[in-house]
Amino acid sequence: MESAITIFQMSGVGIAYSFRNAVEDLTLDLQKGGSLGLLGLNGAGKTSTIRSLLGMIKPKRGTISILGDKPGRVRNYYRIGFAPEDGLPPEYLTGEEYLNFVGALKIRSRVDRKRDVKALLDWFELSPKKRIGDYSKGMQRKLILAQSLLGNPEFLILDEPLNGLDPLFILRLRQKLEDYLKAGGTYLLSSHILAEVEKTCHEVAILHEGKLVSRDTVENLAKEFGSVENAFAKKIGKS
Amino acid sequence: MWVLLVQTFRHIFRTRLVFLLIALTFLVHWFGLHILSSMKVQLPGQMSLGPLLKQSDYLFISLFLQLFTGTFLAAVFGIWTVPYLHQGQRAQLTFTLPLAKWKYPLGYALTMLAMLLLLHAVMLATFGWTFGWKDLTGSRVSWGTVGLCLVVQTIAFEVVMFAFALGSLLFGQVTTFFMGVASILCLQVSGIVFRISFLPWQHTEGSGPPSLYYWIYSKLPPVGELAFDLWSQFKKPSGGDPNLGLWVVWLLILGGLFYYRMTRPPKSRLADG
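Keeping their order, the protein sequence lines are chains A and R. Read in order, the letters of the first sequence correspond to residues 3 to 241 in the working numbering. Read in order, the letters of the second sequence correspond to residues 194 to 466 in the working numbering.
Think of the hints as simulated: they come from the structure by calculation, not from any bench. Treat the hints with care, as some may be off.
Stated by the list, open to error - Quick list of in silico lysine-lysine cross-link-like pairs, DSBU-like style, CA-CA up to 30 angstroms:
1. R/K412 x R/K429
2. R/K294 x A/K34
3. A/K72 x R/K429
Please read these numbers as outputs of a predicted model, since none were measured by experiment.
Isolated chain A, as found in the complex (with noise of 0.2 angstroms):
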């Protein structure tokens, strides 16, 4: 039997800023071809976990490892694809270009490049040669989600990624993941939206005031609790 391949481990990792505590003794791992959903309110932590997880702040205690490398290593970020949050490409460009500008960093071969380019721009439907600065919030959520995905990476980090995205498009980015999955990506996806993680992720893993409070597949929360709502009202102290 093929022994599991750990994607990322984190192992008592604190993160504070000045004088507050984000992440408190957090250990957390996920192996390859999983997917985890990471639920918290706001300010539980999610957010200062991915960032640790790719370098952008140091831990104050504990340790991680991503793809069997420190956090912040140039190397790894040609495996990792990544849509923060709130990020903004740069409005000067237009979507092809700066599909292109990152594309050039993570593909090697031109005629590749541009291949996949096309094909982003086209499942996404971003036109291609309008300014960023002139696409609407959710045309720009877009285009942050289609540059994660360039260069096939092994491992995708999704930071809130439904927010300002239409209905219709979440069932369509559902099916992008899930394929995803089943060409042995793994990803990690933070979201508030309780019952989108329910339906996109196998695992979950609840954050409350910086501290992991639990960790279990969707299956057994919706076994014990009803449903991962549920679970999570449980969970956090709420019900």
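Since the structure of chain A is provided, determine the placement of chain R on it from the hints.
Same frame as chain A, but now just chain R:
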């Protein structure tokens, strides 16, 4: 690296910085040289002594005027263009690009170099157009001296650009603009004050050990010395230290700090949960 250069040039063209730079440089040099070359000593009703300045003086004036256009370029490029990808909501997307962080300062320095070469080309072209190409290529000017002055200016503007870029990343654009202008003004005034002996705490040659003020000033980027350095090269070629070494040291320091800043995104923008 090539990808970053293309991206930065695209930014410069889209924001029309290049066109603004060419127009400003041409206008400053054209008007400056025309006004000065038309000045004559005229004794009322008697005689005219013709132009006051020699051709080499005009070339120095061109280099002097270049201090304004170069500083303008360093400020605009440093405050607005360089930090653009690394500020606010763009910072996270840029930080996670598979591009080594040392390539950012190098890429911006090369882009600035390309624009400074353009600036120098416009300056020389305006000079040639004003006085004739024969004068420009004639042997009356030491091209070695002009070359050295252009090298000093180029490195100085790179230093100023990095200082503005770092300031913009740390304190924001508006604050950096005013702080930068004030700093340049202070350094230039200090440069003049240290050369004109009228203040008790200043240092002049042969007046004993240097004061603390002068010691600090002499370690800072020699912004206040730049015009004097250029002039001393013109007056006495191959003589006088144009502070090239100090400029290079500051270029390495500020380039290094910029690289360090690239490896660490600001926590204040991340502390939201």
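Hint-by-hint comparison with the structure:
| no. | hint | verdict |
| --- | --- | --- |
| 1 | R/K412 x R/K429 | holds, 24 angstroms |
| 2 | R/K294 x A/K34 | holds, 28 angstroms |
| 3 | A/K72 x R/K429 | violated, 57 angstroms |
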